[in-house]
Structures are given as C-alpha cells and as structure tokens.
Amino acid sequence: MITRLEDKDLKRQSRRQLLKLAPVAALGVFAFPKVSDRLVAAGVRFSDWASGGLFRPQHLAQMFSDSDVVPFAKFPYNGYDVLDPEIDLEKWTLTVEGDVQHPGGYTLEQIQALPKISQNTRHVCVEGWDVVGSFGGSRISDFLTLVGANTGARFLEIECADDYYESIDMASAQHLQSLLCYEMYGQPLDRGHGAPLRLQMPTKLGYKQAKYLDSIRVTNVLKPGKTGYWEDQGYSWFGGL
Amino acid sequence: MEREEKNEDKKDAAAPQPEPLPMAKSGAVEGPEVKPETVVAEPVPTQPLAKAEEPALVRAAYEHPLPIRITHWVHAISLFVMVTSGLRIFRAFPSFGPKIPEKVLLDIPKSLTLGGWLGGALQWHFTFMWFFAASGVLYLAYQVISGHYRTVLFMPRDISGVWPMARHYFFFGPRPPAMGQYNPLQKLAYTSTVGFGVLSLLTGIVLYKPTQFSWLAFLFGGFHLARVWHFAAMCGFLAFIPGHLIMVVLHGWANFFAMLSGWKREPEYQE
Numbered sequence: 137m138i139t140r141l142e143d144k145d146l147k148r149q150s151r152r153q154l155l156k157l158a159p160v161a162a163l164g165v166f167a168f169p170k171v172s173d174r175l176v177a178a179g180v181r182f183s184d185w186a187s188g189g190l191f192r193p194q195h196l197a198q199m200f201s202d203s204d205v206v207p208f209a210k211f212p213y214n215g216y217d218v219l220d221p222e223i224d225l226e227k228w229t230l231t232v233e234g235d236v237q238h239p240g241g242y243t244l245e246q247i248q249a250l251p252k253i254s255q256n257t258r259h260v261c262v263e264g265w266d267v268v269g270s271f272g273g274s275r276i277s278d279f280l281t282l283v284g285a286n287t288g289a290r291f292l293e294i295e296c297a298d299d300y301y302e303s304i305d306m307a308s309a310q311h312l313q314s315l316l317c318y319e320m321y322g323q324p325l326d327r328g329h330g331a332p333l334r335l336q337m338p339t340k341l342g343y344k345q346a347k348y349l350d351s352i353r354v355t356n357v358l359k360p361g362k363t364g365y366w367e368d369q370g371y372s373w374f375g376g377l
Numbered sequence: 130m131e132r133e134e135k136n137e138d139k140k141d142a143a144a145p146q147p148e149p150l151p152m153a154k155s156g157a158v159e160g161p162e163v164k165p166e167t168v169v170a171e172p173v174p175t176q177p178l179a180k181a182e183e184p185a186l187v188r189a190a191y192e193h194p195l196p197i198r199i200t201h202w203v204h205a206i207s208l209f210v211m212v213t214s215g216l217r218i219f220r221a222f223p224s225f226g227p228k229i230p231e232k233v234l235l236d237i238p239k240s241l242t243l244g245g246w247l248g249g250a251l252q253w254h255f256t257f258m259w260f261f262a263a264s265g266v267l268y269l270a271y272q273v274i275s276g277h278y279r280t281v282l283f284m285p286r287d288i289s290g291v292w293p294m295a296r297h298y299f300f301f302g303p304r305p306p307a308m309g310q311y312n313p314l315q316k317l318a319y320t321s322t323v324g325f326g327v328l329s330l331l332t333g334i335v336l337y338k339p340t341q342f343s344w345l346a347f348l349f350g351g352f353h354l355a356r357v358w359h360f361a362a363m364c365g366f367l368a369f370i371p372g373h374l375i376m377v378v379l380h381g382w383a384n385f386f387a388m389l390s391g392w393k394r395e396p397e398y399q400e
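As given, the protein sequences belong to chains U and X, one line each in that order. The numbering of the first sequence is our numbering, which starts it at 137 and goes up by one. The numbering of the second sequence is our numbering, which starts it at 130 and goes up by one.
Okay, chain X solo, but in the shape it has when bound (with noise of 0.2 Å):
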C-alpha cells in the first residue's frame, strides 16, 4: 500500500491534460458529479480528475509460465502420492539385504502410508509414475525451450551465494541482496529436485522393468543398488520438501500465491 501512494505522488507532478473521451472509460467510476460534458467546459474539475485517471502502478513479476505452475502442481500432488505408496511398498520388504535373513530396516507407520495394503500401494505407484514422469518431460522440456531455465538453474557462479543465503536463514545472517527471481540457495534447492526426480525416476524404471531395461540397471550398479538408489531419491525429495514448506509460509500469501496465477505482487528483487 504504502509503495502505490508513493507511486501516486511521483506520477501527479506529470499529469496529463485529461480528455473527454478516455475519461468517459475510465473515470466512470467517480459518480454522477464528474460529467465528461463538464470537463470540457469547465478546467476547475481537472485536479480531482487528473487522480482518477492516473492511477497507482503495481509492480509485478509473471514469475511462473503456465507449463512451470502446471507441472509445479502435478509433481507436489503425484510425490505425496508417490512416497505415501513408495513407502507401503518398501513395508512388504523393509530392507536391502537378502530376504533370508531378513533384517528389517524400519518399521513404517502403516499410517502415513496410501493404498492400504501392497497391492492397492502398487496401483496408486503404478498409476502416478505416469503423471510424475510426464509432468517431469513437460517440465524439463519447457525449461529448455524456453530458456526459462536461466532463472533456476544452479551454476557454478551460484555457489559462493550459498553460504550467505543458509547463513542467514538459520543463523540469523545479514539478508544478501535479492539478485533475481532465486536466491543461489533456491537455485540450488530447486536444481537438486530435478536431480532427485531423475534418479528416482531411472531407477523406477530399473526396479519396475530390471530385464527389458536391463542396461539401465547395469548403470545402477544391478537391482539392488537401484532399489538403494530409489530410496535415497526419496530421502533427498524428503529433505526438501519440510525446508520448501517452511519457506513457503515465512514468504507470505503473494509469493505463494505466484505459484497459483504466476504473477507476483512487489517482488522483493529491482529490474
């Protein structure tokens, strides 16, 4: 608010001379007072006038196209899925080693699993691996075409903004200067996600089909290696999404809601 009054002052020294005929649009909304008849004719009511039609300019950012908001969306709902089944599924056999002896590596709460027993937790798996590998092609593919990707990806140069950024949010740090739409510290987030996305994505693919893809599982390291390598996909998605959440209510409803209508309210970064 206090940032449009301030645009509004600027802009008042610079008002136009106000014309008939696009007041007649825009100046509607002033009441029955305010005749574009009157304007002509008399230059007393230009002040006022000149308020109305000059109005306060937003700044804003179409932060998020179309294809990102989308697959942003599929990817959140299709990984709660996801995990939720993954994790019912890793319960028929919770371990890595040979199933004799088996040595149970975690006791999974049947609670915070989907699906209700292994074979309905393979339907949901089963059924979501298309909408998170398809959400996961339209995703990259955009990013590359569209060059979109400059905004996120994480790059070398990226690398020295990191420890300032996690500096300052868990220890209290100076805030560095907004350099962009992310921080190094996001980019470097969000560029692990895809990785995590990848990974889990080969490796799906090496434990669902580890015979017609079975090249794919050589590169693995064989089966099991793939099934480790799954898991820890899934720990990586798990490290960050608790950190992503959290930072998503400490910004605020207007940087959340970007992710809805793509367009950002006063961004926090200038050009």
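Isolated chain U (complex conformation) (with noise of 0.2 Å):
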C-alpha cells in the first residue's frame, strides 16, 4: 500500500515507528558477560521451573526390548573423577537422614529385600548421546516408604562416596521407574557403574544419575551452591527428559 506523504511527515512517521521498537535494544544487555551469566543463569532456571511443570508423574518413558539394548560393551563408563572410589563392599551401608521416621544405615540386602523392577530403558547424556541399557533395582519410592520417609518433603539431596553430590525432586524420586539400581544387564553393578547402588531414573539426564550412593537426606531445603556436582556449575538442575 503506497501512499504519499510530505518528506517531513514521512520522517516524523519513521522515527515514532523506530522508537517504539526501542524495547527489543534491551536483549542488548545479553553483550555484557557479567550481566548475562546471571541472566542466563536465571533463564535456566525458569526452565527448570517450566520443566517441573511439564513433568507427568504416572507418564512412563519408553521401555525396550532385550534386542534394543546395546551391548554391555557399549554401554560408557562415565565418571566425573575417578571410576573407583574404593568403596568397602562387605561394610557398606546407605546412611539415611533428614525428614525420616527411621533414620541410620542401611545394607544392600534390606534394599534388595525390597521388589525388584528390571527395566531397559535410555540413559540420556547431556552432551547428546544416548545408550539403552537394562537395570535393576528397588523403586525409590519403596524405600522412601521403607525407611518412612515425608513424602511432601521437597528434595532427596544425595551424597556420593567419589565427593559427587545431587539433589533430586520428590515427584520424579517418587515416580515408578526410578530405582536405587544395584543390577546392570543381570550382574551386580561393577565398579565402574557405580557399585553398590547407584541412581538409576529414566525421566533424568545422566548426571543425575548418582552412583556410589554414600547417603540419602529427606529434606525441604537444598543448600545454596551445594545442589549438584554439575548443576553448581551450570548445567539445569531439573535435568529432566
């Protein structure tokens, strides 16, 4: 649509429609390192907020067969430090504490004399690859219920024998396919996944994914800058698929 219009008008016309485009010149202040660290810091989490949201409890994720699962071969040792913190296997207890009825220890047996869940799930890496694996272990939940824990507590804050450190939130703690995994592919955990117990949830990120499981603490409140090994330097928190 042309019209025609005095010079001056046309100017005066062009520069009331430049300013108000002026507010989109405020995503300027994303080229100031120090601002945007914490600008974007706080873009994740409001998606983590976001992601919570989206979070369905009962959604289950996808299941596999026997003949999707990758080798065991295949399936990467990830560790963020060392692959064996030497743990003593025959001494080994999982220390419970926080909003609980029956805090202490725990042996491998009481978590194992809990129902077994085997699954074939996928394991998702940040980075972006992904490998199906087959676990084993207890349901988180039925040790929450175990060791009579709050369940309308807020976060599980996890602590690990190789100084990793998690923290996860209840809903997806509590959702059916999230295990204390002590079995991969049929066999004890080996050392290098993780022996004795390890996190194992398929609705997670693999760095939530602790292993070499110190203690679990049933709590309201994360500690600030202590809320995972990763998250404290970036990565989301929610880390959920």
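Hints in this document: simulated from the structure, not taken from any laboratory. Accuracy of the hints is not assured; some may be wrong.
[What the hints assert, rightly or not] One side of the interface only, derived from the structure: several residues of chain X facing chain U at Cβ under 8 Å:
1) PRO184
2) ALA185
3) ARG188
4) PHE222
5) LYS228
6) LYS338
7) HIS380
[As the list claims (entries may be wrong)] In silico lysine-lysine, PhoX-like type, Cα no more than 25 Å apart, as pairs:
8) X:LYS239 with X:LYS228
9) U:LYS156 with U:LYS144
10) U:LYS170 with U:LYS359
11) U:LYS170 with X:LYS239
12) U:LYS362 with U:LYS170
13) U:LYS210 with X:LYS232
14) U:LYS227 with U:LYS210
15) X:LYS228 with U:LYS210
16) X:LYS338 with X:LYS228
Values in this document were obtained by computation on a predicted structure and should not be read as measured data. By construction, the Cβ of each residue, glycine as well, lies at the ideal position given by its N, Cα and C atoms.
Bring the two chains, given one by one in their own frames, into a single complex with the hints.
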C-alpha cells in the first residue's frame, strides 16, 4: 500500500515507529558478560520451573525389548573423577537422614529385599548421546516408604563416595521407574558403573544418576551452591527428560 | 530527489489560492519577508508562497508493522545465540551415531561458538529458546490475525516466478517487474524460514523432553532422528542467512531502514 506524504511527515512517522522498536534493544544487556552470566542462569532456572510443571508423574519413559539394548561393552563408563572410589562393599551401608522416621544405615540386603524392578530404558547424556541399557533395582518410592520418609518433603539430597553429590525433586524420585539400581545387564553393578548402588531414573539426564551412593537426606531446603556437582557449575538442576 | 522534483512540478499547475491561516503555520519557515498580512493585501507574492505551501510528496509504504519488526529483530538475535550455542552443544558429541565407537562428524572451531563450555552453551540455549519460541508464536499469530501473511506467504501461484527471479540474481538475467512488497523468491525464502523455525522448535522440544513429549518424538521418528532434524533446521537457517544479508546490502539503506522504522521510502513497486 503506497501512500504519498510530505517528506517531513515520513521522517516523523519513521522516527516514531523506530522509537516503538526501542524495547528490543533491551536484549543488548546480554552483550555484557557480567550481566548475561546471571541472566542465562536465571533462564535455566525458569526452564527448570517449566520442566517441573511439564513433568507427568504417571507418564512412563519408553521401555525397550532386550534386542534393543546395546551390548554391555557399548554402555559407556562415565565418571567425573575416579571410576572406583574403593568402597568396602562388605561394610557399605546407605545412610538415611533428614525428614524420615527411621534414619540410619541400610544394607544392600535390606534394599534388595524390596520388590525388584528390571527395566530396559534409555540413558540420555547431556552431551547428546544416549544408550539403551538394562537395569535392575528397587523403586526409590518403596525405599522411601521403608525408611518412613515424609514424601511431602521437596527434595532428596544425595552424597556419593566419590564426593559427587546430587539433589532431586520428590516427584521425580517417586516416579515408578526411578530406581536405587544395584544391577546392570542382570549382573551386580560393577565398580565403574557405581557399585554397590546408584540412581537410575529414565526421566532424568545422565548426570542426575549419581553412582557410589553414600547417603540420602530427605529435606525441604537445599543448601545454596550445593545442589549438584554439575548443577553448581551451570547445568540444569531439574535435568528432566 | 529527482522524483520529488517531478511531483513538485505536477502539483504546481494546480496550485490552490493561498489562505492566510495555513500560511501562518506551514509557511513560517519562509522567513520574515513573507507575512500573512502582506499575502492578503497583495497578490504578487502568491507564486513563491504557493511553492512553499505545496510541498514535495514522497512515495512511501508502511511495509513492516511493529509486531513484524519486533519479532524480526528478536529472531535475528536469538537465532545468532541459538546457532552459536547450539554448535557448542554439538561439539560435546559431534556425531549422530552411537557413543561407542564415536565418529566425529565435524570439528567446529571454538571461536564460532558461544558459552565457553557445554554447560554455558546450554544456559544460553535454554534461555534464548524462550525468546525464539515466544517471538515465533507472536509472529505467526500476528500474520494470521492481521492477514498480513498474504504479502509474504509463498503460494503455488508464486512457483512460476521463482526461476526468473533466481536467474536475475544469480545469472544476470533480466529483472522481472516488481509485483508487490515481495517477489516470489523472497516469499519462498521467508516462508521457508518459518518452516525451519517450526522444525527447530518442535525437534528442540523432543530433544529437551523426549519422555514428556514422547508423541512428538514418535512423529519425528524418534530421539535420534529428531536430533538430525534439529541440525537440518539449523542448516536451513545457515543457508538462508548469508543470502538474506547479501540481499540487504545490495538493496541499500532505505530497504534496510524499513525493517527498523516500518516505512520504506520510494518503494520499487507500484500500486
């Protein structure tokens, strides 16, 4: 639609319209590293908040048949530090603390006495690769019942023997496929994969699947700057799939 | 400038009688020698006054409404962030195959990437995905509701015009007459970017939440193929952007400024 107007009117109109666009320039704050560092961290927190809302507790992650599972040799060993923190498997217990009725140390036998779940699910790494693996263990929700945890609490804080640490939201922990995993491919966990006990939650990214579990604390408050080894460096805390 | 003068000449013939009141307003710039009182008293200075009152008219078109301009620039910024941070993310696992053995497809130079490391790049990606998505939704909603999409949406009738335009740009063929705000090749390019945007957003959702959006993952042929599609959508943008920028440079300031102010001075098309 062509209009004819005086030069000064065109200039005035153009100027007014140009000014209306000015708010977009606010995105320019991202050009300043000190500001943008905070802003993108806030962006991840917002994304995590949205992710929590998108999480469907009853919705199961895809399960695979045995023929879809990658061979054990092609399931990568991933550790942040050491692949063997030299746990004494005979003396090992899982320490339970916080908002629970029966705190204390729990042996692997006590955990294995809970109903055993075997599942072939996808293990997705934040880097972009994934493998379908075979896992066995007890539901975290069953274990929380066993220790008399207050499931109205918001978080589980996890400490590991290799000084790795994690925290997860209660809804994800209580998901039907969230396991305290003591078996892979029908064999007891080997040391590289987190013996004697690791988390296995197909609704979470790989870095949330802490290995060499040492203690679990049920809590409503996470220590700031101590929410997870990678999360404290910038990874998404929710890490949900 | 030439056109302005022509317009002036035409209008001179039909110059209306000056009236004192508008003269006082618009003719104020003429200087102290011309005073409204004298105009009424003497008919002699009518001619120079008529020229002042009948200003040059400029042909112009309000090409880009505000929502289009806002979303254009938000998309420009967020695409830059999404591509550069996305390349950094891809660098962490530059393959579409298995982890073991890992086949590195391409080694992207760090200097082309944003975020410093995987975690930093993810922060940028997870922040600007919201800007990108919100801007896309706003853009599409505005195009549909306002009907403005008719100027830009590539339709079957535009197919025949693509080749003449491409021949003009790439092989120095004759310039097809301008038929509206956008030529068929432009419509094809801009409509394609909407496709790339929708594809990158939907496949991005699959990569971000393959379990919560398992139905969407299924539609794209699974998690692995969604990653390929996500990359392909970026390649589409990377094919579009250089061509777009070259065209912007070739078509000069008035064309570029129109995406800032909305108004294009002396558009090359009629009607």
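Verification of the supplied hints:
1. Taken as an interface hint, PRO184 (chain X) checks out: its beta carbon lies about 5 Å from the nearest beta carbon of chain U, inside 8 Å.
2. Residue-level restraint check for ALA185 (chain X) holds (minimum Cβ-Cβ distance to chain U is 6 Å; threshold 8 Å).
3. Against a cut-off of 8 Å between C-beta atoms, the interface hint on ARG188 (chain X) holds, since the closest Cβ of chain U lies about 6 Å away.
4. A distance limit of 8 Å between C-beta atoms decides the matter here; for PHE222 (chain X) the minimum to chain U is near 4 Å, and the interface restraint holds.
5. Below 8 Å, beta-carbon pairs count as interface contacts, and LYS228 (chain X) has one with chain U at about 4 Å; its hint therefore holds.
6. For LYS338 (chain X), the interface hint holds, the least distance from its beta-carbon to any beta-carbon of chain U being 6 Å, beneath 8 Å.
7. With a cut of 8 Å, the hint placing HIS380 (chain X) at the interface with chain U is violated, because the nearest CB-to-CB distance is about 17 Å.
8. Only pairs whose Cα atoms come within 25 Å are accepted, and LYS239 (chain X) paired with LYS228 (chain X) is accepted, the gap being roughly 21 Å.
9. Distance hint between LYS156 (chain U) and LYS144 (chain U) is fulfilled; the C-alpha atoms sit about 18 Å from each other, no more than 25 Å.
10. A C-alpha spacing of about 24 Å is found between LYS170 (chain U) and LYS359 (chain U), which places the hinted pair at or below 25 Å, so the restraint holds.
11. With a C-alpha separation of about 21 Å, the suggested pair LYS170 (chain U) and LYS239 (chain X) falls inside the 25 Å cut-off, and the hint holds.
12. The hinted pair formed by LYS362 (chain U) and LYS170 (chain U) meets the criterion: a straight-line CA distance of about 22 Å does not exceed 25 Å.
13. For the suggested pair LYS210 (chain U) and LYS232 (chain X), the alpha carbons sit about 14 Å apart, so the restraint of at most 25 Å is met.
14. Taken as a hint, the LYS227 (chain U) and LYS210 (chain U) pair is broken in the structure, with Cα atoms around 31 Å apart against an allowance of 25 Å.
15. The suggested pairing of LYS228 (chain X) with LYS210 (chain U) holds, with an alpha-carbon distance near 8 Å, which does not exceed 25 Å.
16. Under the criterion of a C-alpha separation no larger than 25 Å, the hint pairing LYS338 (chain X) with LYS228 (chain X) is consistent with the structure, at around 20 Å.
Hint compliance for this structure: hints 7 and 14 are not met, and every other hint is.
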